[in-house]
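Visitor: Please construct the entire structure, taking both the sequences and the accompanying hints into account.
In order, the protein sequences belong to chains U and S. Numbering that gives the first Met the number 0 numbers the first residue of the first sequence as 0 and each following residue consecutively. Numbering that gives the first Met the number 0 numbers the first residue of the second sequence as 0 and each following residue consecutively.
Some hints could be false.
Restricting the straight-line Cα-Cα distance to at most 20 Å, the calculated cross-link-like pairs of lysine to aspartate or glutamate (EDC-like) are [what the hints assert, rightly or not]: (1) U:Lys-201 x U:Glu-34; (2) U:Lys-101 x U:Glu-21; (3) U:Lys-101 x U:Glu-80; (4) U:Lys-201 x U:Glu-124; (5) S:Lys-109 x U:Asp-52; (6) S:Lys-109 x U:Glu-34; (7) U:Lys-101 x U:Asp-52; (8) S:Lys-109 x U:Asp-48; (9) S:Lys-109 x U:Asp-176.
Computed from the model, here is a short list of chain S residues facing chain U with C-beta under 8 Å [what the hints assert, rightly or not]: (10) Ile-97; (11) Thr-100; (12) Gln-101; (13) Leu-103; (14) Gly-104; (15) Arg-107; (16) Glu-108; (17) Leu-110.
Far from chain S, some chain U residues (derived; all Cβ distances over 12 Å) [unchecked claim]: (18) Arg-1; (19) Val-25; (20) Val-36; (21) Thr-129; (22) Arg-163.
Simulated from the structure, these hints should not be mistaken for laboratory data. Cβ coordinates follow ideal geometry from the N, Cα and C atoms, glycine included.
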Amino acid sequence: MRVLIVVPALNEESGLPPLLSELRAVAGRDGSSVEIVVIDDASTDRTADVARDHGARVVRLCRNLGIGGAVQTGLRLALREGFDCAVQMDGDGQHPPSELGKLLAAIQSPNPPDIVVGSRYLQREGFQSTLPRRVGSGWLGWVLGIVTGEKTTDPTSGYRVYGRRALRLFNWSYPHDYPEPEALVLAKVAGLRVAEVPVTMKERQGGASSISVLHAPYYMLKVTAAILLAYARSWHRIEPRTL
Amino acid sequence: MQQAEQYWIFAAFCCVVATLLLRLVLRERITLQSSLWVFFSLAALVVLAVVPDLTTSIAHAMGFALPSNFFFAIAIGALALLHVHTLVTLSRTEVRSIALTQELGLLREKLDRIAREDSPGDPPRVPKPSRDGAPPAAPTKTDVLHGRT
Numbered sequence: 000m001r002v003l004i005v006v007p008a009l010n011e012e013s014g015l016p017p018l019l020s021e022l023r024a025v026a027g028r029d030g031s032s033v034e035i036v037v038i039d040d041a042s043t044d045r046t047a048d049v050a051r052d053h054g055a056r057v058v059r060l061c062r063n064l065g066i067g068g069a070v071q072t073g074l075r076l077a078l079r080e081g082f083d084c085a086v087q088m089d090g091d092g093q094h095p096p097s098e099l100g101k102l103l104a105a106i107q108s109p110n111p112p113d114i115v116v117g118s119r120y121l122q123r124e125g126f127q128s129t130l131p132r133r134v135g136s137g138w139l140g141w142v143l144g145i146v147t148g149e150k151t152t153d154p155t156s157g158y159r160v161y162g163r164r165a166l167r168l169f170n171w172s173y174p175h176d177y178p179e180p181e182a183l184v185l186a187k188v189a190g191l192r193v194a195e196v197p198v199t200m201k202e203r204q205g206g207a208s209s210i211s212v213l214h215a216p217y218y219m220l221k222v223t224a225a226i227l228l229a230y231a232r233s234w235h236r237i238e239p240r241t242l
Numbered sequence: 000m001q002q003a004e005q006y007w008i009f010a011a012f013c014c015v016v017a018t019l020l021l022r023l024v025l026r027e028r029i030t031l032q033s034s035l036w037v038f039f040s041l042a043a044l045v046v047l048a049v050v051p052d053l054t055t056s057i058a059h060a061m062g063f064a065l066p067s068n069f070f071f072a073i074a075i076g077a078l079a080l081l082h083v084h085t086l087v088t089l090s091r092t093e094v095r096s097i098a099l100t101q102e103l104g105l106l107r108e109k110l111d112r113i114a115r116e117d118s119p120g121d122p123p124r125v126p127k128p129s130r131d132g133a134p135p136a137a138p139t140k141t142d143v144l145h146g147r148t
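Guide: In structure tokens form, the structure reads like this:
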């Protein structure tokens, strides 16, 4: 199985070296052929050089596209180069490479889902995030459950594996505003199967979150509206048979 | 009479705006296609300013008691439409810009990879003419891709 690990990164020169070293150590243990690509989202530090020095492929974006645009770049690369699946993981060290095996095992199961989401709330082990974030995640999971009809415990998790059908879908269209929850809506409307796997996560090792406590309620409101709009829009645009 | 003079001033103002717009089109600061809509609106305003009775007739026909109310309602509606049109154009441009940025990034990565395979450990070579007048070495795959031939 050919696996492409996509690491979107913005000014992560301090967080990338330990992550890439650990990834190198654990990647391919199950016999898979693993490549790592860092999507440098127009960083102003040495993110690209650091990634290259640690053996990763580097795609440098000439302007900042945000997490959605960066991830879609990696997914497009995976689809074009014929990878069987693509793993999305953050470059700030929140997603331990040691958990990668669980996600890849799920996507290689006999009846594999199209998307595997690593959930930190399924077994409640490891770093559980702050209370406001947990409340927010619970709310978004509830909204997603109503919209898609399936329970989602960690809708904002960015630790995911995409199979070939998901790669084709997201090559065509990937949400840019609030990509993680919106992508689940898109996948559901397209008829893709999404599964959650329990993983442990860590606190971010570097950089700062783009969502402050003051902005959290506004963020929740926007994401809720985005989920509902994404659902309405997807029904108009998606033709599942083409995937 | 006083009212007609004021309208002529407004018509002249519209013509000045149209001239400024035309200059921007000629300098290729804005495209003709995107500015046509504004040209037509200005032309309509000039007609209404020059023939005020026409405004009154249309306003009454559409149920407006005062021509000024009709004028402001049309202006607000036109500005709202213009805003939506601008939003659509901006969004389309943003989507294309994102796609182009991604393509550029992917192509650069491919180019860098080919360059490293072509001359591992060395920076890409640039063919230079030799001192004895011999033709430069045949361009490498990297040179071709970088447009150095």
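Visitor: Which earlier hints can't be squared with this structure?
Guide: 1, 3, 7, 9, 17, 20
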